[in-house]
Amino acid sequence: MDLENQQRVKDLTEKHGAENVVVILGAAEAEASGLAAETVTAGDPTFAGPLAGVQLGLRVYHAVEPEFKGEVNEEVFDDQIGMMEMVLDVDSIIDEMKSIRSEHGKFND
Amino acid sequence: MSYAVAKAAGYVLVHTPDMILHNGTTQTVEKRSNPNSEYLKQLPNHLRSYEEVVSYPPNQVYIGSMKPEELQNYEMPWYDKKVEGGKREGKLGEIMPQDEFIGLMKISDVFDLVKLNTSFTNMVKEKLSKHPLITEQMIAKLKEGEEMNDINKYINEQDAEPIYNNGDVVGCVKRAHEVDVNLNAHVIFENLVVKASGVLSFIHLINKNNIDPESIDYVIECSEEACGDMNQRGGGNFAKAIAELGGAINATGSDTRGFCAAPTHALIQAAALVKSGVYENVVIVAGGATAKLGMNGKDHVKKEIPVLEDVLGGFAVLVSKNDGESPILRTDLVGRHTVGTGSSPQAVITSLITAPLDKGELKITDVDKYSVEMQNPDVTKPAGAGDVPESNYKMIAALGVKRKELERKDVATFGKEHGMPGWAPTQGHIPSGVPYVGHAIESFRNNEIQRAMIVGKGSLFLGRMTNLFDGVSILMEKNTGNEKVQTEGVSEQEVKSMVAEAMRDFASHLLGK
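In order, the protein sequences belong to chains G and V.
Its first residue numbered 1085, the first sequence is counted upward by one per residue in my numbering.
Its first residue numbered 1000, the second sequence is counted upward by one per residue in my numbering.
Any given hint could turn out to be false.
With a Cα cut of at most 20 Å, we get these calculated EDC-like pairs of lysine to aspartate or glutamate [to be verified]: (1) V:K1066 - V:E1441; (2) V:K1380 - V:E1088; (3) V:K1080 - V:E1051; (4) V:K1380 - G:E1115; (5) V:K1301 - G:D1173; (6) V:K1401 - G:E1158; (7) G:K1153 - G:D1128; (8) V:K1403 - G:E1158; (9) V:K1401 - G:E1159; (10) V:K1403 - G:D1163; (11) V:K1408 - G:D1162; (12) V:K1081 - V:E1051.
Think of the hints as simulated: they come from the structure by calculation, not from any bench.
Please read these numbers as outputs of a predicted model, since none were measured by experiment.
Taking the hints into account, I'd like the entire structure generated from these sequences.
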């Protein structure tokens, strides 16, 4: 996750509290999704950004996960994400996201 | 008025191993920030020889010796595969070695800023005199060479940029002004590389297709560098500079910029200028970028593979009035990513692919080949950027599924039938749609395809003036020969007689006959 986005996540979490923040990812494959998810839960694995060593444990989902899909208007989802849902390897993204959440998430709801 | 045609194309690569180390930004930044890094120590062990670069399958495709589809016969990765008997010369161009190209930089320099030492000059003079497209007049511009003492003085005391060959300093590019950052030695070096590789592409286009350079009316240069001084950083004009050295004495020109999308913008502009009758023959041309050499070198070294971004790319395409044979450029079926399009992949693919198809009442599958961002996946996959053409084909197919033109199972196979494996070097503007134009012209002539779409996309946000990116596309179509431009058109006499007849008809109505 780039340094600017790490700072944004950190600032928003300080302002609103970790329990009130959800991070939605749009990365193109599982490995990149996992790295970003790890950054906002266990801290920046590259130890380069503002979240290095900061364990926010935030709720984090990828835009193709059912948890997110179920929360948004079906038509809007179809318009914005429907096509990429066919292109991306959705199953491996879901597996990766689940494993990061169960390992590092503080809000397992 | 009849459509313009894509008449001919030229493509060149230049193998530049020393420029990776000394001019590629990944390396120059590393030298500044971490001069003793392991990467810089390892890098020289990962450079390919000229022979390896020539026999590399994607490079043979770029210069037209192999069709893009033939890459499917080589299992990936390709860096350890060879085209047996692969040659320097291809149907569409050549792969030039670094020493000859340094000579060509000197030939392209009209301000006496490139200084080459005497022994290098003699060596390169002999090599270039055997080059079929380099004229005696061009060779004479190499002059006699300079003393090494003088060259060292320019480098050590006057901020000249050294020119290396096989690890040795063989010359330098001098700064063109003492304080102007836009004319410093680094910028002049980059710009002369653009000019020289643009010229090489231009002369291949002209010579391989028996085109009279004097018949060219206009040149559009569409690379990603800018030439100018401190009062007009991107003043221009690479196009006219290239036309001058290419002998196009009746041409003027201008530079078109749009990041990687610029070549497709230029193709549309050229087609429009010809279709409207402003000009009859327009060449679009671009040289290569030293900055991008070894851009993903760190990943390549880490994965213990050769540094594959070791070539500069260049191309030139001639757009002419309808000859009844060459593929037509459907300027009425153009795709545009507009300011209001939005950034979701769906919106982008709709604007570039299906919007023009809808206008022409065509389906996604009516286009035989889509030429998208044709980056070589051998370069991008080890760097974690995936297979760019393949992702594009999947997105086009997925949109087709949403439009009920394709089945969901077709998403994985669409690219094989309507696309090609990527073969172009990651030189920004070079892979963007246009590498296929030369191959397409031949495939249209051989009746292998009826329609092709050229798609260019560009990351405008890198310039920090907007968050938007960009893209344009244009459909190429088989020429039916029915709309060949009439050289004479309707004569004045014929118009007069038609008007007279209409007047007579009108008068007879008034008289109630």
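Hints, verified against the model:
1. V:K1066 - V:E1441: Cα-Cα ~10 Å, so holds.
2. V:K1380 - V:E1088: Distance ~28 Å between K1380 (chain V) and E1088 (chain V) Cα, so the pair is violated.
3. V:K1080 - V:E1051: holds, 9 Å
4. V:K1380 - G:E1115: holds, 14 Å
5. V:K1301 - G:D1173: Violated: K1301 (chain V) and D1173 (chain G) sit about 26 Å apart, past 20 Å.
6. V:K1401 - G:E1158: Satisfied, since the Cα-Cα distance of roughly 14 Å is no more than 20 Å.
7. G:K1153 - G:D1128: With Cα atoms ~27 Å apart, K1153 (chain G) and D1128 (chain G) exceed 20 Å; violated.
8. V:K1403 - G:E1158: holds, 19 Å
9. V:K1401 - G:E1159: Status holds; Cα separation ~13 Å.
10. V:K1403 - G:D1163: holds, 15 Å
11. V:K1408 - G:D1162: holds, 19 Å
12. V:K1081 - V:E1051: holds, 8 Å
In this structure, the hints that do not hold are numbers 2, 5, 7, in rising order.
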